[in-house]
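Residues per chain, in single letters:
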Amino acid sequence: DGGITQSPKYLFRKEGQNVTLSCEQNLNHDAMYWYRQDPGQGLRLIYYSQIVNDFQKGDIAEGYSVSREKKESFPLTVTSAQKNPTAFYLCASSPWTSGGETQYFGPGTRLLVL
Amino acid sequence: AQTVTQSQPEMSVQEAETVTLSCTYDTSESDYYLFWYKQPPSRQMILVIRQEAYKQQNATENRFSVNFQKAAKSFSLKISDSQLGDAAMYFCAYRSWTSGTYKYIFGTGTRLKVLA
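For the protein sequence lines, the chains are G and H, in the order given.
The letter at position 72 of the first sequence is residue 72 when you use this note's numbering, and the numbering goes up by one with no holes.
The letter at position 23 of the second sequence is residue 23 when you use this note's numbering, and the numbering goes up by one with no holes.
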């Protein structure tokens with residue numbers, strides 16, 4: 001079955017700790033995205049990547065970092081510089097060809113601060 | 001910059017009745033895509049329906065249809081014969097072409113309650 005997987009489902013971060021959220025897709029999509037969702041708000045874009053070894057900052061990139069070493073994988077690291085990391089994180093992907101307008105989402109990771 | 005506005009934080013509908021969720025957007029582009037996503041309590045985002053701006057015909061997917069008014073920049077979602085499983089957050093989204101890439105802009109969502 002083709003799809004997007006995110007792990008872990010729940011993640012706990014201690015003060016001053018970096019944590020990494022995993023996102024893998026087997027849809028052969030070129031573009032991948034990370035969003036943050038807070039209560040009462042829509043999805044806010046953290047980072048996105050159109051192709052391997054290239055990525056761009058979204059609207060709220062401060063305190064986050066990403067890599068795109070493989071087409072299938074786009075991990076997100078929440079660094080200690082992110083002072084309010086508690087949120088629900090969604091990974092998404094989409095094709096980069098005509099007809100590939102729809103964005104597909106993973107099941108999400110809930111990050112909580114201890 | 002493009003924006004998406006959902007002015008109804010919460011809506012309620014009786015089971016089997018029809019409900020319409022509103023969405024407006026602001027853009028200077030002439031060709032774009034619009035989407036409605038559903039987020040049930042599981043928090044998985046599910047595509048409900050999409051609309052291509054250059055198509056005059058309103059998109060329909062079973063009980064879900066849209067009223068796309070391009071000049072008014074309005075994109076409402078109509079759910080007919082509402083079912084308990086329709087209860088969820090609904091997000092309107094716009095795909096923009098910005099700085100040489102596609103970005104998706106989401107509204108703040110409408111929580112739909114379905115009453116038995």
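Careful, some of the hints might be misleading.
As the list claims (entries may be wrong) - Mimicking DSS-like on lysine-lysine, the simulated pairs with C-alpha atoms at most 27 Å apart in a straight line are:
#, chain 1, residue 1, chain 2, residue 2
1, H, 78, G, 9
2, G, 83, G, 9
3, H, 55, H, 73
4, H, 103, G, 9
5, H, 113, G, 70
6, G, 14, G, 71
7, H, 103, G, 57
8, G, 57, G, 83
9, G, 71, H, 55
10, H, 103, G, 83
11, G, 57, G, 14
12, G, 57, G, 9
13, H, 55, H, 78
14, H, 103, H, 78
If you are wondering where the hints come from, they were derived from the structure by calculation, not from laboratory data.
On a predicted model such as this, the values are computed, not experimentally measured, just so you know.
Cross-check of the supplied hints:
1. 78(H) / 9(G): Status violated; Cα separation ~32 Å.
2. 83(G) / 9(G): 21 Å, holds
3. 55(H) / 73(H): 14 Å, holds
4. 103(H) / 9(G): 25 Å, holds
5. 113(H) / 70(G): 41 Å, violated
6. 14(G) / 71(G): The given pair, whose Cα atoms are some 30 Å apart, is violated under the 27 Å limit.
7. 103(H) / 57(G): 11 Å, holds
8. 57(G) / 83(G): 18 Å, holds
9. 71(G) / 55(H): 32 Å, violated
10. 103(H) / 83(G): At roughly 26 Å apart (the allowed maximum being 27 Å), residue 83(G) and residue 103(H) satisfy the hint.
11. 57(G) / 14(G): 25 Å, holds
12. 57(G) / 9(G): 24 Å, holds
13. 55(H) / 78(H): Satisfied, since the Cα-Cα distance of roughly 18 Å is no more than 27 Å.
14. 103(H) / 78(H): 25 Å, holds
Taken one by one, the earlier hints fail for this structure at numbers 1, 5, 6, 9, listed in ascending order.
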